[in-house]
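As they're listed, the protein sequences go chains Y and U.
If you're matching positions, the first sequence starts at 4 in the numbering used here and goes up one per residue.
If you're matching positions, the second sequence starts at 70 in the numbering used here and goes up one per residue.
Do not take every clue at face value.
[Claimed, not checked] Here are the simulated distance ranges between beta carbons:
hint, chain 1, residue 1, chain 2, residue 2, range
1, Y, Asp305, U, Ser473, 51 to 59 Å
2, U, Ser247, Y, Glu214, 18 to 26 Å
3, U, Arg185, Y, Gly314, 54 to 62 Å
Hints were generated in silico from the structure; no laboratory data involved.
Predicted model only: the values in this text are computed from it and were never measured.
Every residue gets a Cβ at the ideal spot worked out from N, C-alpha and C, and that includes glycine.
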Amino acid sequence: MAHEREAAAAGQEAKKQKPRKNMYSVGVILSLILLSLVMAVLSPRFLTVDNLTNVASQAAVSAIISCGMFLAILTGGIDLSVGSVLALSTMLMGVVCVNHGVDPYLSMLLCLAVGGGLGLLNGLMLTKMSLPHPFISTMGMKMMARGVALVITAAAPISIFPEPVQFIGNNYLGPLPISLFLVALLYACMYLFLTRTATGRYIYAVGGNKEASRLSGIKVHRVLNLVYTLSGFTAALAGIVLVGRVNAAYPLAGQDYDSDAIAAVIIGGASFFGGVGSIGNTIIGVLIIAVLRNGLNLLNVDSNYQTFAIGAVIILAVYIDVLRQKVMQVGRR
Amino acid sequence: MAMGKNEMLLRLDRVTKRFPGVLALDSVSMEVRAGDVHGLTGENGAGKSTLIKILTGAYAPDEGEIWFNGEKLERLTPLKAMGKGIACIYQELNLIPHLTVVENIFLGRELRKSRRGDILDRAKMLEEAESLMRDLALNLDPRMKTGELGIGHQQMVEICKAVHSDAKLIIMDEPTSSLSEREANDLFRIIAQVKAKGVTVIFISHRLDEVKRICDRVTVLRDGRLVETRDIGEASVDDIIRLMVGREITNKYPKVKGGRGAEALSVEHLERRGVLHDVSFKAYAGEILGFAGLVGAGRTETARAITGADPIDGGAIKVFGQDVRIRSPRDSIDAGIAFLTEDRKGQGLILIKSVSFNSSLVRLERYSRLGFLKLKAIRQMTEKIARDLKLRAPDVETVVGQLSGGNQQKVVIAKWMLTQARIFIFDEPTRGIDVGAKVEVYNLMNELVANGAAVIIICSEMDEVMGMADRILVMHEGRITAEFGQAEATQERILYAASGLAASGEGKIA
Numbered sequence: 004m005a006h007e008r009e010a011a012a013a014g015q016e017a018k019k020q021k022p023r024k025n026m027y028s029v030g031v032i033l034s035l036i037l038l039s040l041v042m043a044v045l046s047p048r049f050l051t052v053d054n055l056t057n058v059a060s061q062a063a064v065s066a067i068i069s070c071g072m073f074l075a076i077l078t079g080g081i082d083l084s085v086g087s088v089l090a091l092s093t094m095l096m097g098v099v100c101v102n103h104g105v106d107p108y109l110s111m112l113l114c115l116a117v118g119g120g121l122g123l124l125n126g127l128m129l130t131k132m133s134l135p136h137p138f139i140s141t142m143g144m145k146m147m148a149r150g151v152a153l154v155i156t157a158a159a160p161i162s163i164f165p166e167p168v169q170f171i172g173n174n175y176l177g178p179l180p181i182s183l184f185l186v187a188l189l190y191a192c193m194y195l196f197l198t199r200t201a202t203g204r205y206i207y208a209v210g211g212n213k214e215a216s217r218l219s220g221i222k223v224h225r226v227l228n229l230v231y232t233l234s235g236f237t238a239a240l241a242g243i244v245l246v247g248r249v250n251a252a253y254p255l256a257g258q259d260y261d262s263d264a265i266a267a268v269i270i271g272g273a274s275f276f277g278g279v280g281s282i283g284n285t286i287i288g289v290l291i292i293a294v295l296r297n298g299l300n301l302l303n304v305d306s307n308y309q310t311f312a313i314g315a316v317i318i319l320a321v322y323i324d325v326l327r328q329k330v331m332q333v334g335r336r
Numbered sequence: 070m071a072m073g074k075n076e077m078l079l080r081l082d083r084v085t086k087r088f089p090g091v092l093a094l095d096s097v098s099m100e101v102r103a104g105d106v107h108g109l110t111g112e113n114g115a116g117k118s119t120l121i122k123i124l125t126g127a128y129a130p131d132e133g134e135i136w137f138n139g140e141k142l143e144r145l146t147p148l149k150a151m152g153k154g155i156a157c158i159y160q161e162l163n164l165i166p167h168l169t170v171v172e173n174i175f176l177g178r179e180l181r182k183s184r185r186g187d188i189l190d191r192a193k194m195l196e197e198a199e200s201l202m203r204d205l206a207l208n209l210d211p212r213m214k215t216g217e218l219g220i221g222h223q224q225m226v227e228i229c230k231a232v233h234s235d236a237k238l239i240i241m242d243e244p245t246s247s248l249s250e251r252e253a254n255d256l257f258r259i260i261a262q263v264k265a266k267g268v269t270v271i272f273i274s275h276r277l278d279e280v281k282r283i284c285d286r287v288t289v290l291r292d293g294r295l296v297e298t299r300d301i302g303e304a305s306v307d308d309i310i311r312l313m314v315g316r317e318i319t320n321k322y323p324k325v326k327g328g329r330g331a332e333a334l335s336v337e338h339l340e341r342r343g344v345l346h347d348v349s350f351k352a353y354a355g356e357i358l359g360f361a362g363l364v365g366a367g368r369t370e371t372a373r374a375i376t377g378a379d380p381i382d383g384g385a386i387k388v389f390g391q392d393v394r395i396r397s398p399r400d401s402i403d404a405g406i407a408f409l410t411e412d413r414k415g416q417g418l419i420l421i422k423s424v425s426f427n428s429s430l431v432r433l434e435r436y437s438r439l440g441f442l443k444l445k446a447i448r449q450m451t452e453k454i455a456r457d458l459k460l461r462a463p464d465v466e467t468v469v470g471q472l473s474g475g476n477q478q479k480v481v482i483a484k485w486m487l488t489q490a491r492i493f494i495f496d497e498p499t500r501g502i503d504v505g506a507k508v509e510v511y512n513l514m515n516e517l518v519a520n521g522a523a524v525i526i527i528c529s530e531m532d533e534v535m536g537m538a539d540r541i542l543v544m545h546e547g548r549i550t551a552e553f554g555q556a557e558a559t560q561e562r563i564l565y566a567a568s569g570l571a572a573s574g575e576g577k578i579a
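Model the full assembly from the supplied sequences, consistent with the hints where possible.
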């Protein structure tokens, strides 16, 4: 964020830490380009319009989830429940909309409200029940939400949604999926929120030092509740896009999304220690994961190996974070 | 290895330890006789902790030699120190609360049924523990979990553990600071038993009456130097205080005398169970009020209670005559109170963020229009205050973690000045910053006061509080025990009040 602020105050002389932060952005973008080039060389189908729009629409769901995950990680926390929240909120939408014929717009609102509500519960477990780490609360939520999602239709998927629900996930504006515009809008709003509003700064502050934030008069609990609510909300929003794309809600939907989102955020340079990261780099992280998955698909790599590859990438990305912390500490001494 | 009464167990020869910018120990030579209880005392920052850490192997000395039990100790590590028979009982105890007394005593050196096997001989351990406790006249069930014991008993378990490990020297760092009087008396009895077993004790305490009571000899440190070691019979409490205080106060403090203005803060009957008792005082605009006392006397806790950082159990607070209810730091900020914490890095600053981020953090909403931050205004405002405070940083986007201690403190001050608070509470404002920066901080305080603010400083350096404060309150065990005007305050009087002793002078006892 700081480098964006610096950019905003253009004309100032270049300073010591500026290059370091920009270097990471450049590094992430270069990695994406490099990875894409490798895929393009290995598979002639990679650089086709069809494939790229496919990557984009798949990445859209992940990008929306990663937005909320980014916030959670920015506060030094994590949200393991996003995949399950996605499943439960879309299953409930399916039940009311398809099985009970409730108005589709109202159903979508319900979906978002359920997502936000489950996220708020995650936050309250942290702030009111003082559970030691969101790893615990969101892992519990992950299992509970998934359980309920399976129970409500006895594990059966719900399909054939009305047109308004399918609109975002299934339609194109020219060659571009509508979902891309939603992602662009969401990230633009999030960027403004994080860099230009007091609340956005408080999220960074809380992630950087909770006690100092509290003593500075920041209502830390309120910030954390908001962050987890937003994370649940974006998971539900991603769910609507996913349902629209496949025209069905599955109780087991979104299982890989938790780890993909975490991987994307960390690859995007957000620190697991909290307080550091930029939303702009997060989208690059999302694209790296999407290209990696797509490329491995094109190369007919078994999905089990893909899981392995993503796992390795997560560990590598966090390790890079650790190394960066060390370098910063050395720089500080 | 039997030793006569006057043999030296420990000898330090010109031990020196430097930290960046500080000479923590300056060529300290001292001797501790075998079988003595040896008192070690001095003001905060005199070098006592550094000395302990060197003896226990936590720090390596830069110069000098340590001889222990006739052997020169070199490249000491904590493990090696224990192996040589040096045990230390810290203020924070190191027992494992959910293990029993026996298990703690034998931790890491458990008895086994056979030499090769891993099966514990519980009966034998229990028996040994009981016999040890009988020796020390300690009446305690060794099968109890240590977590269920009071602090005093836990400390005694630590002593048992040390004696059991065949320690020749037991160092006790302020062992009575968290004990009640009765517990302290029990502790002294155990110390006498330990001594009877031929174990040497180094007893570190601010409480001079205790030093006088149980020690054979006493060493006084001041500013990293050893002032004197005396037999206790030749040292009165007054002598020890004089030795601790020593130096004349030079004019390191650019105190500007101003006139007392309106009553800015009135605190009445502040209570926090087990921490603060009936704390009442007033602070005035145009005045610097100092809080003196030992570490843990309740000064920081008072500030935290006033500013909503900790919950309170009772008491009333008025700000410029208005009743205020403060339940969170936010309330205190809204009431115009700024609290500059002692722990800059942990509580004051977000080290990974920039100067402008940190200094604008409090009341950030003020710099918003239609929900959006006025980034340019924030930047200009930060640049202005950075100039006013002579902040030495490349620019206001510099990450504060990269600044020196003094400049970090200036960022904290900038942050709170920008809130336009009218009451400033500084907790140890000059800790860990160099002399030049200290003077700048004092000048800023003068400026605040001149502009009609009330300033409260909490500091453990006696001459600092005497040099800067117009009025001094002394705390001891959560209570205010004395109040002095600048003219009537002497280090001796403050030390008496801070130790909980009846005052010898005419200081007004609150």
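Evaluated hints:
1. Y:Asp305 to U:Ser473: 51 to 59 Å: Holds, since Asp305 of chain Y and Ser473 of chain U (Cβ atoms, about 56 Å apart) stay within the stated range.
2. U:Ser247 to Y:Glu214: 18 to 26 Å: Holds: the Cβ-Cβ distance is about 23 Å, inside 18 to 26 Å.
3. U:Arg185 to Y:Gly314: 54 to 62 Å: About 42 Å separates the Cβ atoms of Arg185 of chain U and Gly314 of chain Y, which means 54 to 62 Å is violated.
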